[in-house]
Amino acid sequence: MKKSFIVLAFILAFLAYSGLGAAPVSAAEIEITNVSYDPTRELYEEFNAAFQKYWKNKTGDDVTIVQSHGGSGKQARSVIEGNEADVLTLALAYDIDEVEQAGLVAKGWQARLPKNSSPYTSTIVFLVRKGNPKNLKDWGDLAREGVGIITPNPKTSGGARWNYLAAWAWADKQYNHDEKAIIEFITKVFNNVLVLDAGARGSTNTFVQNGQGDVLLAWENEAYLSIAERPGEFEIVTPPTSILAEPPVTVVDEVVEKRGTRELATEYLNYLYSDEGQRIAGKHYYRPSNPEILKEFGQYYDLSTQLITIDDPLFGGWATAQKYHFSDGAIFDKIYTK
Amino acid sequence: MKKTKRILPGFGLTMGVTMSYLSFIVLIPMISLVIQTGEAGWSGIITAITDQRIWSSYKVSFGCSFLAALINTIFGTMLAWVLVRYRFLGRRLIDGLIELPFAIPTAVAGISLTFLTTDKGWIGRPLAELGIRIAYTKVGIIVALTFITLPFVVRSIQPILEELSPDFEEAGRTLGAGSARIFFKIILPELKPALLTGFSLAFARGLGEYGSVIFIAGNKPFQTEIAPLMIVTRLEEFHYEQATAVALVMLLASFIIMFVVNRVQLRAASYVGG
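Chains as they are written, first to last, in my numbering: chain B, 51 to 388; chain S, 15 to 288.
What the hints contain is simulated information worked out from the structure, not anything from laboratory work.
These figures come from a predicted structure and were not determined experimentally.
Be a bit skeptical, because a hint or two may be false.
[Unchecked claim] Computed footprint of chain S on chain B, listed as stretches where at least three residues anywhere in the stretch have a Cβ under 8 Å from a Cβ of chain S: (1) 193–206; (2) 252–259; (3) 373–379.
[What the hints assert, rightly or not] Some chain S residues flagged as far from chain B (calculated, every beta-carbon gap over 10 Å): (4) V40; (5) G77; (6) Y100; (7) F161; (8) F198; (9) L202; (10) P203; (11) E250; (12) V275.
Just so you know, even glycine gets a beta-carbon here, dropped at the ideal spot from N, CA and C.
For reference, chain S alone in the conformation it holds in the complex (with noise of 0.2 Å):
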């Protein structure tokens, strides 16, 4: 074997220890599911996708992750660009609350959410007056959703944001352009991919959360059931296939959805690069 000097030594232990790493931790795991999927035979994967009530629970996991994950989008570019371009007084502060939603126990989260959010909680009375319910319906997935998933888009557009000198948009400015062009023209482009991770990265997380969905949901059947309840019903049930069906259904769907995602960024850097 012909051996390429590199500045860095150790590749083929580093890669060992990668391989080894990515078997343990992700393939063995998957390729488990697939073989306990097969166990149920092509009838558990199609109850998984023909079976009305996992239909719709499907339809609200997707819906619910893919809408928190773009409140958090363009939330979160706003924080993010609060926090890395102004100074103020309780800036640290705030920057380290980002990552509170990461650091409390999801279950925890739940349970708070929906005493605020709930007809009789301080945030919900008020709101129901005007006849707008939170806990117990979609929106109350979306919130639980968009707390859980919030650090995602803010950490990944932060270190692109810090590196982003203003000197460009003065430039832009002197040549004539207007904010919005300044945004959309020079700012935008740059944050795309960065937005694109941390979009899938919090899309991606609200798909599988359970812990804190599962107390502000009220799970009830074809409205605010969300498919890895579903999931949890039938490990309850001691049906491991049918569990694992639900669950390859999702992953391959997510698969496809990470994939597109992916397509795209790789589009638009080619199309920033010229």
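If we strip away everything but chain B, and leave its shape as in the complex, we get (with noise of 0.2 Å):
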């Protein structure tokens, strides 16, 4: 009975073993995993097949690209703990800055792309109902009571960080930089937020398909994904200061290097900056960092609008806003206190 068991475990151990033996990928088959958040899904699935394309005729060689999203924190956790990504393209840089962290991408990652690794932009607008019946302009009539504001929480999607953001960049200007007043200016924003969903798809779906709330704060991108689907039934309020969405991309160098797929998961984000690759990205309703293209969209974009980059000495980056307002017991869980 002893021995069985020994024997048994001896089986399963080597069955452990084998089968995490077999992970490396022969460089032959050119494949490459980009790892993307939510709405990114039919804009990849374009560029994809642009690329692939582009590939075969530069080189001749079929390369396959495998997709995958889900909510930008949840990714980049998952590339941490083994999902072997090539490369990845999130919501915002600090999803990336935890993967350089687990040593996985190289320190200094994001000044190795051309506008702070982010080939596409985007900002966060208002989503009204139809003829914007509370009269929703700017980010200052969101604290008046009796709006009903649909946004996901801050903590559990990275894509709500910037609307928070966006938020408190409006009221820094308003009151002067006088913290106590934006506080308590943000604290009446979260009061007047009926649901708030754990994810920006959540949010989405609370507001266009159960018809709760007046304003959902969402991406520019979302807002127009929102309008095309139910045409005639909601506009989208551009607020004249906004924040700039920066989602970022990069290669996985551990991963590049253990699968020699580098070079061609380099390609593959040069490709993102290209005519091609841009325009592909402003037909997904994304802001193209091309300013030259981003003139062709000029017809969707409230182009005035003033946008504050989170590099700003008001946030001083991702790893500083971070921890002064989202981190455990910071400005944003004060919010909450009781």
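Quick one: dock chain against chain with the hints and give me the complex.
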């Protein structure tokens, strides 16, 4: 009885070992995995097809691109825990910083590609019901009594951190850096939040399908998708000031070294900056980072909006902003302290 | 070693498989949970117990799961009774429907239940006119959990009821017992262990449920935030050790509850057995 137990343990150990040992993929297959976040699915479907064609013309090789989508933070965690991504295309730099901390991406990754490694950008807008019945024009209106706001929770949704910071940026200007007044304003805004969904897609569903609230704080590209899906029901209000949401991209050094896919993965990301890549991003309602091509899509975007970046001294980059606003017991938690 | 003859051979092998299986599936993940929490030290555990917001999320989770399990214990018994004792058109169909909450992804269940029960939904609108709100309140959480955990009680009780011959009831009746007495003195004692099992399964499942609740709860701090959301929040911030501390507290609490339920069950069994 004891003996068979030991034998079995050996068999199981062997199986586990061989399972792990089978991981390395030969470079001849030319397959890369792009781990991305939720609302880029359609964008990358089209971009991948374009890139495959481009790569075939250039080298004669067929390349397969595996797509993975989910919440940005969750995707970053999966990569840290061993999901082998050749490239990461996430919602905010903070999530990639965490992968860097885990040693999978080289330090200073964000300076490797142009424009903070963000080939396309977006901003935070208000999606309101047709005719804008509550007359919401700017961030200040969100603190009014009786306004129902729908936004995901900045603590669980990376994308929603941009919402909070955009409101903060407006208040900073409005109240002349008086932090007490800014926090008071932000508290009023979040007291108006009817449903605090865990993710951006959940919030969109709450606002669009379930008819809750007067305004959805959303990424511009998501707002356009909702309008395209249900024309005539909603309007987009672009506030005069907002934040420049920069969803960054990078190769995962550890993985591309191991798989020998660095050249292909780098080229893949570079192609996002090509005219074709930029136009595909524009078509999916992201703002192309190339100003010439951005102009081609000028009819969609209110280009007069003043956009503040996360690297502005007000926020001091993601690491600082994250700690100051969103870490345990920081300002965002205080809003909800009894 | 003395070999005892058994009717079925292979005790050593099956025991080995059992132990390895349990180790891989249950023990090792549990141990890693404890180790990860250890990295946070006592402060992590203390936060997980004393933080007001986390504490109120435990109350929401344990309270709603308990009520949902209770509702299912009552209505699940009725449902099982009807399915076992009566023959009617569509019985098989209803019997098949019981498993549906297990078959569909919980997120889908959450989204559709929310759609129905908001103040704009088919069910929610007439209720909202009466001043009753379901979606985005604790009631919504209970509704989702009741849906998700329905099969546990029904499926625990069904086989027992099928075994329970109507002869006992007839005997009771000929001896002059009323309907209520028959139910409480004859049927219920027989069902008790299965009821407790079904209740505990439903309760435990409700505690861990995230996918469906997250859509219907509204997730308002101090009101409708569930404990699993507090775990996900900490994971989202890459604070693994704090997440596991909350998980550990939940685990211990559920363990204690299960233990108590089991003691009650044992006592009930010995009481019935005389």
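For this structure, which hints from the list above don't hold up? 11
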